[in-house]
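Using the hints, position chain E against chain L.
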Amino acid sequence: MKKLLLSIICSLTAVFAFGQGKVTFSPASFTAEDEVTITLDITGTPLVGQTAIYVWAFSNDGVGGGKDATTNGQWGASSESAKMTLVSANIFQFKFVATTLFGQSPAELINFGFLAKTKDGSKQSQDFKPFKFDPLVFTPSQFRVFPAKFDYTDMATVYFHQDLATDINLQRMYNVKVNLTFYNEGGIAVGSKTAIVAKKESTVLYSYAFIPERVITIPAGTKLGKFTYQFTGSVKDANGQDVTTSGPVNEVVYTVFN
Amino acid sequence: MKNLKYLILAICMISLWGCKPEKFAPITTDINVVKQMQGTWALSKVTQIDQDASTKGFPYKQVDITSVYPYTELVFALVGDGQGNPTTFTITPGNSPKIVDLTSGTWSVNDPMAPTTIELKNGTVVNTLSVGSYLGLKSGVLTIKKDKKLNGKVLLSYQYEFTKK
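Quick mapping for you: the protein sequence lines, in order, are chains L and E. Numbers 1 to 258, taken from this note's numbering, label the letters of the first sequence in order. Numbers 1 to 165, taken from this note's numbering, label the letters of the second sequence in order.
In short, the hints are calculated from the structure, not lab data. Certain hints may be false.
As the list claims (entries may be wrong) - 30 Å max Cα-Cα, derived BS3-like pairs, lysine-lysine:
{"no.": "1", "chain 1": "L", "residue 1": "83", "chain 2": "L", "residue 2": "149"}
{"no.": "2", "chain 1": "E", "residue 1": "98", "chain 2": "L", "residue 2": "149"}
{"no.": "3", "chain 1": "E", "residue 1": "148", "chain 2": "L", "residue 2": "226"}
{"no.": "4", "chain 1": "E", "residue 1": "146", "chain 2": "L", "residue 2": "199"}
{"no.": "5", "chain 1": "L", "residue 1": "223", "chain 2": "E", "residue 2": "121"}
{"no.": "6", "chain 1": "L", "residue 1": "132", "chain 2": "E", "residue 2": "153"}
{"no.": "7", "chain 1": "L", "residue 1": "149", "chain 2": "E", "residue 2": "45"}
{"no.": "8", "chain 1": "E", "residue 1": "61", "chain 2": "L", "residue 2": "67"}
{"no.": "9", "chain 1": "E", "residue 1": "56", "chain 2": "L", "residue 2": "95"}
{"no.": "10", "chain 1": "E", "residue 1": "61", "chain 2": "L", "residue 2": "200"}
{"no.": "11", "chain 1": "E", "residue 1": "146", "chain 2": "L", "residue 2": "223"}
{"no.": "12", "chain 1": "E", "residue 1": "56", "chain 2": "L", "residue 2": "132"}
{"no.": "13", "chain 1": "L", "residue 1": "200", "chain 2": "E", "residue 2": "45"}
{"no.": "14", "chain 1": "E", "residue 1": "145", "chain 2": "L", "residue 2": "199"}
{"no.": "15", "chain 1": "L", "residue 1": "199", "chain 2": "E", "residue 2": "45"}
{"no.": "16", "chain 1": "E", "residue 1": "61", "chain 2": "L", "residue 2": "199"}
{"no.": "17", "chain 1": "L", "residue 1": "67", "chain 2": "E", "residue 2": "56"}
{"no.": "18", "chain 1": "E", "residue 1": "165", "chain 2": "L", "residue 2": "223"}
{"no.": "19", "chain 1": "L", "residue 1": "132", "chain 2": "E", "residue 2": "149"}
{"no.": "20", "chain 1": "L", "residue 1": "67", "chain 2": "E", "residue 2": "153"}
{"no.": "21", "chain 1": "E", "residue 1": "146", "chain 2": "L", "residue 2": "149"}
{"no.": "22", "chain 1": "L", "residue 1": "177", "chain 2": "E", "residue 2": "61"}
{"no.": "23", "chain 1": "E", "residue 1": "148", "chain 2": "E", "residue 2": "98"}
{"no.": "24", "chain 1": "E", "residue 1": "45", "chain 2": "L", "residue 2": "193"}
{"no.": "25", "chain 1": "L", "residue 1": "83", "chain 2": "L", "residue 2": "22"}
{"no.": "26", "chain 1": "E", "residue 1": "148", "chain 2": "L", "residue 2": "199"}
{"no.": "27", "chain 1": "E", "residue 1": "98", "chain 2": "E", "residue 2": "5"}
Pulled out of the complex, with its shape left as it was, chain L reads as follows:
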């Protein structure tokens, strides 16, 4: 009786394991903005032996705000854009970028799931889900630039978050000023301005906003490739005297919009 029970359990486990199919992702972890390749092994699923299978994908399973993939089409007639590429017998691949596949922003996308099916939906795999997207996390730092991407004709604002400073001098720094140096596309310095008084936005936040052509005279025909900024200021020494101190030099490369 014991042997029989064990055989049944073993058989069920084998069937269960065999019937799972196998999914791998490249890259293994990804954000909603990355291009991802799904590789699916349909061995052991009802789709085994098929040469044409289609992805039926959905976002945010169980967390709300989900959408069907824009490539899904109708259950009885999958869209051709959902067709998986046959790599070898029972192995299929599908490439996607989640923001495009689901028509949702990275902030909206938490996870996704999918199943594989025949075009007419007569056969399908089980659901493979949920696969979480890596969050596109904002990491606070003592120095920051707004916006994240801009060219040399744009306004840029450099910030110093004193509350996030790790260096004791920067934590204590006052009379905060900014040094700016601008470089052409070849990396040669074409102009700089030092000791620009920073705007004190709060007790712990300093900033300076600028357009390069208002700070330096850009040589005719020159395009800027990058700039550096450095916050400087004063601290008191042991005798109560002002001593100059400065933060690191930060480099920002201009984006070339197209």
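Same frame as chain L, now just chain E:
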């Protein structure tokens, strides 16, 4: 009894024949938006928007940069002909940073009744801007937007609010 059948049939046919779509008058009169856009406008507010930060749900999505430089000195004049069609434009920047490459030329919109883009042209130089909400036009506020793209994706925008002079 036979007559009753014919009577019911006749009533049914008359009822069906009576079902015709009715034409309703428009709820409001059409508003010529492009005509409302014409006039002399003074720049009153400039907002820089990090569109990439917005889509990623990051903090620090936009900054009001109006006071950084004298943007409010800029005056934008959109001229139309007698029929209200767009003709010429001039931008008098004063000491304001430039908001587009051109300072004069011709202008046009993609749809006179519901424009979404405004095109400024001078020779081969063309600057395209987006038209914001029409709601402000009635109260003398014109909102236009300039987008900067990388590989088709808008990463940075400037929103310009003008007040009618």
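Hint-by-hint comparison with the structure:
1. L:83 - L:149: violated, 36 Å
2. E:98 - L:149: holds, 19 Å
3. E:148 - L:226: holds, 18 Å
4. E:146 - L:199: Measuring from Cα to Cα gives roughly 27 Å; hence the hint holds.
5. L:223 - E:121: Status holds; Cα separation ~24 Å.
6. L:132 - E:153: Roughly 24 Å between the alpha carbons, so the hint for residue 132 (chain L) and residue 153 (chain E) holds.
7. L:149 - E:45: Since the Cα atoms of residue 149 (chain L) and residue 45 (chain E) sit roughly 22 Å apart, the hinted pair holds (cutoff 30 Å).
8. E:61 - L:67: holds, 26 Å
9. E:56 - L:95: OK: residue 56 (chain E) and residue 95 (chain L) at ~22 Å, within 30 Å.
10. E:61 - L:200: Distance of about 20 Å is within 30 Å: holds.
11. E:146 - L:223: Within the cut-off at roughly 21 Å; holds.
12. E:56 - L:132: holds, 16 Å
13. L:200 - E:45: holds, 22 Å
14. E:145 - L:199: holds, 27 Å
15. L:199 - E:45: Given pair residue 199 (chain L), residue 45 (chain E) holds - Cα atoms ~20 Å apart, limit 30 Å.
16. E:61 - L:199: Holds, because 19 Å separates the two Cα atoms, which is no more than 30 Å.
17. L:67 - E:56: Satisfied, since the Cα-Cα distance of roughly 18 Å is no more than 30 Å.
18. E:165 - L:223: Not satisfied, since the Cα-Cα distance of roughly 36 Å exceeds 30 Å.
19. L:132 - E:149: holds, 29 Å
20. L:67 - E:153: With a Cα-Cα distance of about 22 Å, the restraint between residue 67 (chain L) and residue 153 (chain E) holds, given a limit of 30 Å.
21. E:146 - L:149: holds, 15 Å
22. L:177 - E:61: holds, 25 Å
23. E:148 - E:98: holds, 15 Å
24. E:45 - L:193: With a Cα-Cα distance of about 28 Å, the restraint between residue 45 (chain E) and residue 193 (chain L) holds, given a limit of 30 Å.
25. L:83 - L:22: Distance ~18 Å between residue 83 (chain L) and residue 22 (chain L) Cα, so the pair holds.
26. E:148 - L:199: holds, 27 Å
27. E:98 - E:5: Between residue 98 (chain E) and residue 5 (chain E) the Cα gap is close to 82 Å, so the pair fails against 30 Å, i.e. violated.
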